[in-house]
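Asker: Here is what each chain is made of, one letter per residue.
Number of protein chains: 2
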Amino acid sequence: MFIAMNRFKVMPDKAAEFERVWTTRESHLDAVPGFIAFHLLRGTARDDHLLYSSHTLWRSRADFEAWTRSEAFRRAHHDAGANRPLYRGHPEFEGFEVIQTVEPPREPLSATGTGRPG
Amino acid sequence: MFIAMNRFKVMPDKAAEFERVWTTRESHLDAVPGFIAFHLLRGTARDDHLLYSSHTLWRSRADFEAWTRSEAFRRAHHDAGANRPLYRGHPEFEGFEVIQTVEPPREPLSATGTGRPG
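Sequences listed follow chains R and E, in order.
For the first sequence, the working numbering assigns the number 1 to the initial residue and increments by one for each residue that follows.
For the second sequence, the working numbering assigns the number 1 to the initial residue and increments by one for each residue that follows.
A couple of the hints might just be wrong.
[What the hints assert, rightly or not] Derived lysine to aspartate or glutamate pairs resembling DMTMM-like cross-links, with alpha carbons at most 20 Å apart: (1) K9(E) <-> E65(E); (2) K14(E) <-> E92(E); (3) K9(E) <-> E94(R); (4) K14(R) <-> E94(R); (5) K9(E) <-> D48(R); (6) K9(E) <-> E19(E); (7) K9(R) <-> E94(E); (8) K9(R) <-> D63(R); (9) K9(R) <-> E92(R); (10) K9(E) <-> E92(E); (11) K9(E) <-> E97(E); (12) K14(E) <-> E97(R); (13) K14(R) <-> D47(R); (14) K14(R) <-> D63(R); (15) K9(R) <-> E97(R); (16) K9(R) <-> D47(E); (17) K9(R) <-> D48(E); (18) K14(E) <-> E65(E); (19) K9(R) <-> E65(R); (20) K9(R) <-> E19(R); (21) K9(E) <-> D47(R); (22) K14(E) <-> D63(E); (23) K14(R) <-> E97(E); (24) K9(E) <-> E71(E).
[Said to hold, decoys possible] Not the full set, but computed from the structure, chain E residues with beta-carbon under 8 Å of chain R: (25) I3; (26) N6; (27) F18; (28) E19; (29) V21; (30) T23; (31) L29; (32) P33; (33) S53; (34) E94; (35) T101.
Hints listed in this document are in silico derivations from the structure and should not be mistaken for laboratory results.
Backbone N, C-alpha and C fix where the C-beta goes; we use that ideal spot for every residue, glycine too.
The task is simple: from the sequences and hints, build the whole structure.
Answerer: Spelled out as C-alpha cells, the structure:
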C-alpha cells in the first residue's frame, strides 16, 4: 500500500472556507484503479496557520502515479489554483510506502459452528 | 476517527535496523479499546536522513489519549530510549482529526436477489 499526503498551512480565518471547498468538491476518485480511501485531516493549530492534510490510500505507488497522469486527476485539480489564497505557500507533498500493518484480530466468521447462540 | 503519527528522521545507514526494531516489536495494541490499525510508513530520502512515520488509526482522539495513559503504552515504550541512536533528534508527533472520508462504492452484498449467478 501507498499513502499520498499533501500538507496545507491554512490561514486561521480561512479554515471554514478551506473545509467547505474540500468537502464539497467532486474528487472523481471513486472509479480510479487502485484507489482505496481518501481522508481529509485537520491537524493542530500553529502560530500563524492550521495544518490540514489530504491523505489518500492507494494499492501501490504505481497506481498513485498512474492517477497523477490521468484525466480524472486533471479534472480534480482544475480549480486548485483558485483556492491558493486560503493557505500559505504551496502544499507540501509526502509519499509513504506502508511497510508494516497491525490490526486487531478479526472475529472468526464461521469457526466450528459450535457454541454459537441461536 | 483520529490519526496519530510520529515522524522519525532515520540515519540512512540505520534504516534496516530501524525497520527490524519496529517490525519485530510487541506493540500490545491489539486489545486496546478504539484501536483500528497501525501502519509503519517509509517516506522519501532527504540529504541526511530517511523519513519514517508511525501511523495509527483510532476511533477517536479520546481513545488515543486514554491509551497514552495506559499500562499497554508504558510496556510498548519501555525500550524506546534504546533506539535513539537510530534517528536524529526526537520523533515529531502530529495528531489529525479525520473530517471527511471518501471510499469507492461497495458491491451490494444482497440486492434484490435477482440476476445473481449460480
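Asker: Of all the hints numbered above, which does this structure not satisfy? Sort the numbers upward.
Answerer: 1, 4, 5, 8, 11, 14, 15, 16, 17, 18, 19, 21, 22, 24, 26, 27, 29 and 32
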